[in-house]
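**Q** All chains, full assembly: derive it from the sequences and hints.
Chains as they are written, first to last, in the working numbering: chain A, 1 to 339; chain B, 340 to 601.
Everything hinted at is true.
Going by beta-carbon spacing under 7 Å, a handful of chain B positions derived as facing chain A:
1) 417
2) 431
3) 432
4) 440
5) 441
6) 445
7) 453
8) 455
Derived coverage of chain A by chain B (criterion: at least 3 residues anywhere in the stretch with Cβ under 8 Å from a Cβ of chain B; other residues may be distant):
9) 188 to 199
10) 205 to 211
Source of the hints: derived by calculation from the structure; they are not laboratory data. In this text, a Cβ means the ideal position worked out from N, Cα and C, and glycines have one as well.
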Amino acid sequence: MIPSRTALGVLGGLVALAILVGFPLAFSNPTTTTIAFFVLIFMIATTAWNAFSGLSGYIALGHAVFFGSGAYALAIGAEKLHLSGGWSVFALVPVSGVVAGVIAVPFGLVALRTRRHTFVVITIAIFFIFQLLAFNLGITGGSSGLQTPTPLWTAVGYNQRFYYVAAAILVLTVAMACGIRYSRFGLQLLAIRDDEDRARGLGVRTRRVKLLAFVASAIPTGMAGGVYAYFLGQIFPQFAFDPLFDISIALMAFFGGLGTLTGPLLGALVLESLQQEFTLNFSAGSLYLIVYGALFLVVILLLPRGVVPTLSSLAPRVREQIRRRAEVPPPPDQARDVA
Amino acid sequence: MTALLEIDDVKKSFGGLRALDGATFSVEEGSIAALIGPNGSGKTTLFNVMTGYAQVDSGDIRFRGRSITSAGPDRVFALGIGRTFQLTRIFARMTVLENMLVATQRHEGWLRSVFRAAGSPSERERAFELLEFVGIAGLSSLPAGNLSYGQRKLLELAYVLVADPEVILLDEPAGGVNPSLINHIIDRIREVNRAGKTLIVVEHDMQFVMDLCERVTVLDQGRVLTTGSPDEVRSNPAVLDAYLGGDDEEEDDEVGAAVLET
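**A** Here you go:
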């Protein structure tokens, strides 16, 4: 019997969860766990981004605002509260999320008045305003950045703690994305993507729906930024508010498949681990950009909708073949004809 | 009978063009009203201001005695006025069934949508019934973008019906549809009307209008020229003039009559 799609989905989710939990136990080498941690950070950000941009079709290139604000919120919070490291700093991660969510409200109110290309440009413009602020405000420490407390943990299991915190945020983010996708709210976002004015004429409160989705996607991004800042131990404006972050998460989602649940995860897994590999092994920090470019050419030429949608449109054909094989094999003389 | 919808001296200009220049008419509850007129006479603009897609410059639009003049499309729909578009607007990358579920929130607060599934079993059942009603239930799992033009018209009618509006505005329901489907559409519209809905139809196909509608309102240059039964309108010389450019010659009137007959 061929299992149903839902059953396959649940099974896949459980397997993925087992891998997520088991990975640092199986590979405890610090280099590997560092890469794994960065992959998780990008999985969170890409999934969150996709929950808004992938469903609504509003391609936002300013989510680094939320990532950076989350990072600064944690650093500033730890400084003000005189936290000296350890688990208590992680308690500030939800604060990072809230700060990002609060910033998303005025950001969204301004940017979501526009559509398509204008929206993309406005998000980029707002991003640069925030980067400029981070360079110049007193509270952010300007270009010398901020330190986050250094946890006095032994090297063994140091990365794992960050890894599991990120993994927990990822699970919550995926759950949120899943919930949005299968709620009527998600359906309304898809309707906005296809024809926003028509959706309004069918009673969809488009402005509120868009703004809520925007805020919802900002929160996990901010939390990821907070964990990231704590992990690095210090943050600078150009890394917390990094235009490449915006491009990367969008490209990861495009690579895996815009608007799908697994696409952003796959995209972040492949592209972020590639990038980290290159940075570590060839010590050429921007070599990955060339690889990115090449990879994208391949994806756009061969799988223009992204990896996941293309593969899943192949799935019915594959199933059909499996079903045919499972049936009683034809007698030998007919088998030749079939072949 | 009571007037369900009243359009009172509505004016709307686009730059120097006066699309609506003091249009006034009303629609009675439970009727099928037609809105006809030459190209550019303001029919679609009137639909747009009635459904919140355009704002009037002056004048008032009332639904059950309540002004809806400045309400947006979502608000107008929530009050119970649904519409279709001349060039059908469906959600092309969503399935036909998903299209049907977009309008289900009419009777609930918008925030409620976040915490419920895209369609409850009863909503899906209702959506299927309506798809069966218009005759495209077999296509429910296809992306709506794959539908033919006529099927899109039917889908657009069906997904407006999902929310159970009291008034439905149909912008050229027969435009560009093959003749065998037109009878099916007329039939469905009558059925909807029998269920108690008020319909306003903009249409160029005169036969369609004459078959279907009890009252016909003729628009010309943004103003209401006349309102009456199909026969009255057909024999009104002013209507013929409007269609042919205001020439009084007998010859033209005959041509005009022929145009309206077809």
